[in-house]
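Two chains, each in its own frame: build the complex with the hints.
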Amino acid sequence: LAKTTQPISMDSYEGQEVNITCSHNNIATNDYITWYQQFPSQGPRFIIQGYKTKVTNEVASLFIPADRKSSTLSLPRVSLSDTAVYYCLVGTQGGKLIFGQGTELSVKP
Amino acid sequence: GAVVSQHPSRVICKSGTSVKIECRSLDFQATTMFWYRQFPKKSLMLMATSNEGSKATYEQGVEKDKFLINHASLTLSTLTVTSAHPEDSSFYICSASRVGGRLADTQYFGPGTRLTVL
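So the protein sequences, as listed, match chains X and H. 90 is the number that the working numbering gives to position 90 of the first sequence; each next residue is one higher, with no gaps. 27 is the number that the working numbering gives to position 27 of the second sequence; each next residue is one higher, with no gaps.
With the rest of the complex left out, here is chain H (with noise of 0.2 Å):
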């Protein structure tokens, strides 16, 4: 269980247009969502949390305008990079964050999809 998809896997996209990544617990619900955005070699970066039924949270210097988060339902969460430029180019990660009562929930990940803006 605690499966976590992405779709697409992988999209390439001119300067100047939009594109959005879906994010889905397939086999639970999940109130919390995160994205996260991962440079080559580097680490993850947390970009915003997304809680169902209410706005996003974005974490300092992430613009909610151009990186837009819609929580509709508790088992999707979608991103909007809005007028991508190639700086956006990166490889964005979602995890979720399991309905439940234990102290801790643990966050699962979905495979990523890598963004590449010509």
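The following block holds chain X by itself, in its conformation from the complex (with noise of 0.2 Å):
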């Protein structure tokens, strides 16, 4: 399984976008790139999929490079609510999911 890296922490501003690298560096060629929140005492919540260029929805963007073996979630214009753990995980269909430590985001007033 793929290993993934992310920044321990960070913080940002209210109305400033907010970009979190991961690297994967072993990624397999059938591994899609998902992203995940989660807030204190709940379940992570999906935030978005790729396999390879951009895809955005309507909540963030990620974005991937050629080589795949990094990935960038994108959240634009970041409000207090967006405080949370960002987890970064790559597998395949009906495959298990290895979770990392997480980027913790601290959006501030």
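Treat the hints with care, as some may be off.
Said to hold, decoys possible - Ranges between beta-carbon positions, derived for each pair:
(1) X/A66 / H/D27: 30 to 38 Å
(2) H/R10 / X/N26: 36 to 44 Å
(3) X/K54 / H/T17: 49 to 57 Å
(4) X/F63 / H/P86: 42 to 50 Å
To be verified - Short, incomplete list of chain X residues facing chain H, as computed with Cβ under 8 Å:
(5) T34
(6) Q49
(7) T53
(8) V55
(9) I98
(10) G100
(11) Q101
For the record, the hints were derived by calculation from the structure and aren't laboratory data. A virtual CB, placed ideally from N, CA and C, is assigned to each residue, including glycine.
Now the structure itself:
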């Protein structure tokens, strides 16, 4: 299973764009990249998933370079409610996901 | 769509008793469900993979006789913590992988169950 590396924590201010980069050097050909958000005492919530290039949905964008050894989650104009832990995972169909340490994002007023 | 529920949301029990936690996929079928535990300020740790109609696969270091998993249908998996002790107190989270043909099935997580063993 591909191991992921993320910054342990990040600070931001309301209204700013936040970019969280994840390294996954040994990602396999069939692996997708998925990002989850977790608030305290809640289960993780799916944010976005991608395989290559760029994916955008209503809450975030995911940028994946051609070599797929890293990915960047972009959160536009964060608010206080975006304060959470963000996890980057790689996995395949029906496969188990191994969570890394995640990135604790703190958004300040 | 893709809602996963857990019951109960929190439970307090005495040491030595057994506790059952249910995980249901409400609007989709899940051939595979996963069970995690999470300690405060720590990441999720995968405990086992539960496949409908077959025995669960446990991660290294997880006692299968202590954490009994049953996946009787495509929408229900249960985790029973047998003879619970204070060190079993934790946040237990399940996830369900949607049946489908895509290359990567997304896992959808339940809200978690807070277990406190006195």
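State the violated hints by number, sorted upward, taking the hints as numbered earlier in the document. 7, 8
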